[in-house]
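Undergrad: Residue strings, one per chain:
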Amino acid sequence: MFNNLKIWYHQGKQFIPDVRNAKVPGIFRGRPVISVDKVDGAALAACCPANAISQSPVAIDLGKCTFCGECSIRFPGKVMFTTDYKISTNERECLIIKEGVDQPIKLNKDIIPGEFISMFGNSLKLRQVSAGGDNSCEWELNAANNVQFDMSRFGIEFVASPRHADGIVITGPITANMAEPLQICYDATPDPKMIILVGTDAISGGIFEGSPALDRSFLDRHMINLYIPGNPAHPLTLINGLLALTGRE
Amino acid sequence: MQFLSIKNNQPVPVSSIPELKYPEFFTLNTGLVAEKPERHCVSYYGYPVQDQIILICCIADDSEQMIHISSCTVKLSDQLPSFTTKLFCFEKFEREIHENFGLKYTDHPWLKPVRYAFDRFDSTRNISNYPFYSIDSEELHEVGVGPIHAGVIEPGHFRFICNGEQILHLEIQLGYQHRGIEKLFLKKKELSQLSTLAENIAGDTVVGHTTAFAQIWESLCRYETSREIDFSRTVALELERIAIHTGDLSALCTDIAYQLGSSVFGRLRTPIVNFMQEWCGNRLSKGLIRPGQVRFPFTPALVDRLNQVLNSFEPDFLEMNKQLFMLPSALSRFERTGVVSFEDALSIGAVGMAARTSGVHRDIRSSHPHSLYPELRHAVNVKRHGDVYSRVQIRKNEVIQSIGYLRKLIADLPEASELSELSVPGENLFTLTLVEGWRGEICHTAITGPKGELIHYKIKDPSFHNWLALALSVRNNEISDFPVCNKSFNLSYAGHDL
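Chains as they are written, first to last, in my numbering: chain A, 4 to 252; chain B, 30 to 527.
No lab work stands behind these hints: they were computed from the structure.
Just so it is clear, the structure is predicted and the values come from calculations on it, not from any experiment.
A hint or two may mislead.
Stated by the list, open to error - Below, computed lysine-lysine pairings styled on BS3-like, alpha-carbon distance capped at 30 Å:
{"no.": "1", "chain 1": "A", "residue 1": "Lys26", "chain 2": "A", "residue 2": "Lys128"}
{"no.": "2", "chain 1": "A", "residue 1": "Lys9", "chain 2": "B", "residue 2": "Lys50"}
{"no.": "3", "chain 1": "A", "residue 1": "Lys101", "chain 2": "B", "residue 2": "Lys217"}
{"no.": "4", "chain 1": "B", "residue 1": "Lys36", "chain 2": "B", "residue 2": "Lys437"}
{"no.": "5", "chain 1": "B", "residue 1": "Lys104", "chain 2": "B", "residue 2": "Lys141"}
{"no.": "6", "chain 1": "A", "residue 1": "Lys16", "chain 2": "B", "residue 2": "Lys36"}
{"no.": "7", "chain 1": "B", "residue 1": "Lys65", "chain 2": "B", "residue 2": "Lys217"}
{"no.": "8", "chain 1": "A", "residue 1": "Lys101", "chain 2": "B", "residue 2": "Lys141"}
{"no.": "9", "chain 1": "B", "residue 1": "Lys212", "chain 2": "B", "residue 2": "Lys104"}
{"no.": "10", "chain 1": "B", "residue 1": "Lys412", "chain 2": "B", "residue 2": "Lys217"}
{"no.": "11", "chain 1": "B", "residue 1": "Lys115", "chain 2": "B", "residue 2": "Lys50"}
{"no.": "12", "chain 1": "B", "residue 1": "Lys50", "chain 2": "B", "residue 2": "Lys36"}
{"no.": "13", "chain 1": "B", "residue 1": "Lys217", "chain 2": "B", "residue 2": "Lys36"}
{"no.": "14", "chain 1": "B", "residue 1": "Lys212", "chain 2": "B", "residue 2": "Lys480"}
{"no.": "15", "chain 1": "B", "residue 1": "Lys351", "chain 2": "A", "residue 2": "Lys9"}
{"no.": "16", "chain 1": "B", "residue 1": "Lys115", "chain 2": "B", "residue 2": "Lys412"}
{"no.": "17", "chain 1": "A", "residue 1": "Lys41", "chain 2": "B", "residue 2": "Lys217"}
{"no.": "18", "chain 1": "A", "residue 1": "Lys16", "chain 2": "B", "residue 2": "Lys351"}
{"no.": "19", "chain 1": "A", "residue 1": "Lys41", "chain 2": "B", "residue 2": "Lys218"}
Stated by the list, open to error - Which stretches of chain B does chain A cover? Using the computed rule of at least three CB atoms under 8 Å from a CB of chain A, they are:
{"no.": "20", "stretch": "46–55"}
{"no.": "21", "stretch": "221–230"}
Each residue gets a CB set at the ideal place from its N, CA and C atoms; glycine is no exception.
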């Protein structure tokens, strides 16, 4: 008993009081800022392993970016990754960061279904489906519920069955072998329900884009309610994205 | 000499690998491994050349610190006796060869699909109609779990045959995570793409797999790594080991409903992964390791920071462990649960931490050391009982050992030096690398063609061997103990399915 209390005392205060404004330590690669400096656009686009950089105007697609930082190392004056982790959005185009733009990424409130706020504003239960996810996003989803990030303080939790869930969270590029289980899981979730894509692999296929072992047709058939980029997505990106989607920005 | 002996990371011309007739190939490789605990098969695979299949078998010898390579060319029409009838450790390798190319084994006892690769030989075999083993009995029932699991983890299907609460048999069906990585290695041409692919093989072993890829590439380019490169890889490997072992201890506590342990170990993982972020901008070390590069130098400021992190981590980690190991309710769940015997571990060719808990001395850090491991003179942690408790203890011991290594390493920070330029891979080379990730031995092999392009790339995650160890461990256990057995191994689905 006393030992337990001692351990408890030794942990100090671990939880992050304000997950909306917490600072991340070190050199986190969050939302990039691209300057209007002139550089060799072709070389910049070619250095990206995931084909995320387009030219004229220079833009980085965070849905494809693997956040390796190669572009910022090769073209330090042109591309800079900020520590802004609030990079979730519900519009795919908002993930494309153009040169000269330094504005926070927001959700489009007009396209959030009303019941997400009225029904899920205080309690959101999600079912996670790893469809080829490499276990990095899965680690971070679990971390979002540890004592530090403590996502459950907002009533957001992962549940064991799709029948108990208000939506599904997909990680991974969606392999052909997981396409059917994913569809079954989605069908088993009661309406109204949301679909959330976590991580670059889920949003665009990432480095696996174009692999014949994938079957991403599920995404063509359904509307995506939230994109949470990252490789893997940071727990703070995830929590803030979910809060914004349920009207708690 | 019937085989070629090479060191870890040593490139050799493909033509120098002796080519044997199948009967000699069979006798040689089964003979090398049989009744020799210090030898095991690290990789055995085939690749097609015209209408023939070239088989390459790599047997590591831990006492000689060499890897014995031999090859054999077979035709699709051949009827071959399988290695598996002699030695179970070849079981999965032969299944994989059969699945990929349709090679016929006359006497393989368990010729079932491995991962339903997109380019498998028989595309009528589908992941939804896997041929599960079943027993026709009114006394027994089957329990199916997955592919989607209750927790936030990767997919795989487990089929139990139970007598009441007791598990008689477990069959594990994988392949749901198959992304076609090995083929993408041949398709993608840019080095940055290949490095990114390597770090996505298994997101919990980013450092392990990227180090393996970097070593393969440097070996093909005959590139000498600087001390600074070796230093950063060794430090990153040990940090990854600490982070995952600590996270796994948390998950093990969760599975026995021990809330305090779960919370404390869970929060202790955070300072370690946050340190990775301070170093390289990513909590799981993505982007850190690249062939012939030090992308994020380890600065003296980071040395101070890591010392701080370790100094505050260690007492809390030890205190929590002490309490856990004194708790009768925890010990009763851990002890004698999920036992893998020494004989079983050896016969299935288990590797890494899972093998060491059953008394098998297998650790690449001491047997085929790379990077700065020769200097660390790694003393292998071995346990004898092979139960969940051993796997908990070995995690604790390895974390403490890794902390010691890190302190030793950062006390002698190498000078930043001008790095030599990485050239292009040589022509017609074969090379093999072994890296001890936190799970165990990671083996990558590569073959280049006449222009130095990759013509074959093979990845073997330790989970490839060890999934069978999990299936054996749960026999005769209560089905309610399955989660804690599973977590005690924490095997990779993505690393297996590729």
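Undergrad: To test your reading of the hints: which numbers does this structure violate?
TA: Hints 2, 6, 7, 8, 10 and 20 not satisfied by this model.
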